[in-house]
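The residues making up each chain are set out below.
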Amino acid sequence: MATQTPEIEILNQSTPTEPRHPWLEVLHGWVTTVDHKKIGLMYIGYALLFLVIAGVEALLMRVQLAIPNNTFVSPQVFNRLFTMHGTTMVFFVGMPILFGFGNYLIPLMIGARDMAFPRLNAFSFWISAFGGLLLYFSFLGGDGLYGAGNAPDVGWFAYAPLTSRVFSPGHSTDYWTLAVLLSGVGSVGTALNIIATAICMRCPGMKMSRLPLLVWLYIVTSGLALIIVSPLTAAQIMLMLDRYAGAHFFDTQAGGSAVLWMHFFWIFGHPEVYVLVLPAFAFANEIIPVFSRKAIFGYPAMVAASVGIGFISLSVWAHHMFTVGLGAGANTFFTLATMVIAVPTGIKIFNWLATLWGGRIHFTVAMMFAVGFLFQFLIAGLTGIMLSVSPLDWQLSGSYFVVAHFHYVLVGAILFMIFSAFYYWYPKMSGRMLSEKIGKWHFWLFLIGFHLTFDFMHVPGILGMPRRVYTYEADRGWMIWNVIVSSGAIFQTIGTLLFVYNMIRAYFKGPIAGADPWDAWTLEWATSSPPPDYNFETIPTIRSRRPLWDLKHPEDPDSNYEF
Amino acid sequence: MGAGVGRSNRPAPTKSFCRFTRLVRFAQRRYPLARLALISAPKFYRRHFGRWYPALKRTLAGAGRRRQEADALSFVRRVVSQVTNIFAPAATPAHAIFHLSLLVLGITSCIFLVVSGLLLYALIRFRNRASATSDPQEPAQIYGSNQIELSWTVIPVLIVVMLFLATARIIFSTENAPKPSDALDITVIGHQFWWEYRYPKLGVVTANELHIPTGDAAHPIPSYLTMSSADTDHSFWVPRLAGKMDLIPNKINTMWIDPLEPGLFLGQCGQYCGTQHAKMLIRVYADRPAQFAAWVAHQLQPAAQDPAAAEGQAVFLRNACISCHTVAGTTAAGRFGPDLTHVGGRDTIASGSVPNTAANLRAFVDNPAHFKPGALMPEMHLNAHDLDAVAAYLTTLK
Amino acid sequence: MSEAVFISDVPVEPWVLPSRGVVGMACLICAEAAIFIIFVVAYIYYIGKSISGPTPHDVLELPVLTTICLLSSSFTVHLAVVNLERSKRALCSLWLAGTVLLGAIFLAGTAMEWNDLIYRHGLTIRTNLFGTTFYSLVGLHASHVVIGLLMLSLALIFSLNGSMTHMHAAKLNVLSLYWHFVDAVWVVVFLVVYVLGR
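Residue numbers (the working numbering), protein chains in the order written: chain A, 1 to 563; chain B, 564 to 961; chain C, 962 to 1159.
Check each hint, because a few of them may be wrong.
What the hints assert, rightly or not - Okay, derived cross-link-like pairs now, BS3-like style, lysine-lysine, Cα gap no bigger than 27 Å in a straight line:
| id | chain 1 | residue 1 | chain 2 | residue 2 |
| --- | --- | --- | --- | --- |
| 1 | B | 764 | B | 742 |
| 2 | A | 207 | A | 509 |
| 3 | B | 742 | B | 814 |
| 4 | B | 814 | C | 1010 |
| 5 | A | 207 | C | 1132 |
| 6 | B | 814 | B | 764 |
Because the hints were derived from the structure by calculation, they are not lab data.
I would like the entire structure built from these sequences, with the hints used as guidance.
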């Protein structure tokens, strides 16, 4: 039974000049908020909406690909679908949802009242949101070669010179460029905010060596985001100059280089996937210890490995370009760098294993998703090693093997950990518990669908099926595999719908959560659920990495053991 | 007992050796993958044959496993298509990649089994048992161990070094392979959405269907492809012959293939290049040297001038066809579209995606978008009579 | 357990954290440095690759005066901050005005150079690869100078009308960090475009 946090009238009261309708006031409150919790929730809600839309795009593609020479959608529409699916999932689902969780949790975990720059926080959200709306407006607006309504169809990495005016007339490519550019501005703002918050807003006693691992990983993520979003912005400015000012950055007729775009894009694009996966690691670092009832094994090694992953990820980008003809020397270097990044990643997996070892594992739905993450991330990493071997990549690059590999990471690792994070922190954010029963249905249905789709997706790649094809020949022997892959999509859809239902139902009818339903140890569980606007009544002073453990076990606090 | 068994001073082969080699030749024909074992370790077999073949025969015969294995292999072959399978290599680059991939698969499988085994064990062994709910004790809190961290840093580093060295060897042997003087040179130019092939030293120009000569294991004849693009990025991918290599405008890339057996090898464009990326198919005809020479000689002939198709030729030459297509020996000298000098002799049109029949030719010329929506060839707006004539003419261009 | 209050029973050493403004500006500088690096890389990559049109050697002259002005403005803005910390507001206004003036001279010099390039030598962004990379890199830098000058002018106005006190010295310091960054970028651009590239 949670005690109701007493309202502090002075802080929360606004002074309207005339009485407003309640729902208008609520809406106004959300639109003008600079509170990190509300902004975090807006990021998450926004991302979930786009998850559904991009999921529908994926479903349409899977229907088209189920049989050879299908005519469910035209090639033009299919090309727009895969471009929009990829762009939406990376920039308007992945980034916002992860920044949303970061926004919500980081100030709470470090005992602060808000982020370092609350107005910048709000600005970052709204400009990213506008970017997403701009991208989807392209379905309605724009004119081009194929009539009204063109979304971009150049692929989410928009290789030059396909994106030049010659090969992409009309405005579809411009929608891609501008929407992603705006999202990038928002990402830089949020990344800056997270770093400033984590460094400058910690509560007394929280030295950097006592920072929760989630915050450490978000610092690395934000540092990466700061460094890499600008190259993408630069490349997009160059592309716009090419398209509208007659510049020749990627104009091969004037001596420009198509490979230069690839370099610039992948200098962004590869660390970007680490920006997406490091928050998933962050969640795992909080959730796995709590449900194993043990401290995380090897905190300093985990920090070092995460920072190492961040640095090395900046040096591996050309493994997306092994087939471009960079030469044996470059191919060899990037092969080595990509293999090297497996070492700190492996260290993290082993540390999680060691955390589980000797613990008392509680299989709540959050933990089940985390376990799925562990196995699937292992497999995804191993197929990544296969692809890092550049001769093997000469066969598999641009094929469905690569699509299977990166979906294994994005869905099997990242989305699973996002689901886990939802089940873990939803009680804190809403004050209610999600239903474990519906959660288990969600987990098993989604797991079956995920494996049906993405395990078997490796096979068409090995059998020579390239990606981004709107159809394929019947004599290649790919149909059976595509049918299996498409069938898995149905299970995933049902699972996701169950998840959405679970969240809506629990909001109204779920059992009250209380401040600390999981008996956890970090500071966000030391305040009510949901937290008040000011987060903590009194800013705490802490003496170890697990302040609540110290409180609950005063005879044996962590501070005696930490190194 | 077939060529290549040995021409040295070794004693004459025994009866069981002959039976063995017959078995191997049989396996070689039915299961091409088995050929790899023979290619990569012939000396091993011959040297140790006398010792282990009898033992092997006993084991196989005893368990009856031979038939079961053959059944399993043929089952896999039936289920998994070999048409464009990267694990069914037919040329040296693809073979090298296949061998390397076996090593990689082996290492990653071991890692997977070990780590997931440990994970599974931990999840089962350390799960919270129902009997423990009344016991509020937390388990022992272990914060870390430097020795353990060191060990699981060092071992992966060693694995990485080993894998890297094996990989580097293949990278250099494939990319920096010295070019023999008798290699065949082919210039490949990618277009939206067809392939242009030029043989600079032979003077041949063709499109979409690539003919190359085969060598044999003793004397391979590699074909060196020099590649670039006329518009956007493409990628030349024939999985059974080699890894893919991109065709990028304003950049020259090279690769080589040396099919060891004649046959037709399929592939397709491996880099998204626009609307009809999916239908930019590749057909590589590996011909025996004599056949290849005959093909070249035929390609060098100017276009056939069949008097029965004169009307069609007139239609062709007075329409916009000539601005995009070349027909050697006529005024048509366009380079934007495929060379049509010998189009009648090809198996397919529309870059491998449509069988080459008179009806399809007519339908394609009438409305290319029917077969390839988004192809850059416009509708020619010919009346039915002219269409018939042009289609008949194109069919005669063998 | 609901809200928990931690009472410190041992005296905690003074808890001092870095300034938000400085950390935030440092992050912004990282991001801006990354974007400039990409434009510089593009410039270096395309040196000598123009197929036709004017080359750097033909048309570029060392912008000595404007460089001296811009680099001196770093010095003046530093003096402005130091003076504000010591509550010498008049001197602060003076040095801020000097900074704005020197920055404006730099911009005017750049404008004159571009005028010369466009009308006398016929070099525009669409002429060739040199034109493309030159105008984009130097233009990106100039746009950052413009933004910096706008902010400095705002600061100057606040200083002149008396709203700015020594309490705001930290914020002025953050702005000066941005200005120092802009100057550092100019050093790199100068070396790459006018020394290396010619």
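Each hint, compared with the structure:
1. B:764 - B:742: 15 Å, holds
2. A:207 - A:509: Since the Cα atoms of residue 207 of chain A and residue 509 of chain A sit roughly 40 Å apart, the hinted pair is violated (cutoff 27 Å).
3. B:742 - B:814: Distance of about 20 Å is within 27 Å: holds.
4. B:814 - C:1010: 13 Å, holds
5. A:207 - C:1132: With Cα atoms ~26 Å apart, residue 207 of chain A and residue 1132 of chain C stay inside 27 Å; holds.
6. B:814 - B:764: 21 Å, holds
Violated hints amount to a single one, hint 2; each of the other numbered hints is respected by the structure.
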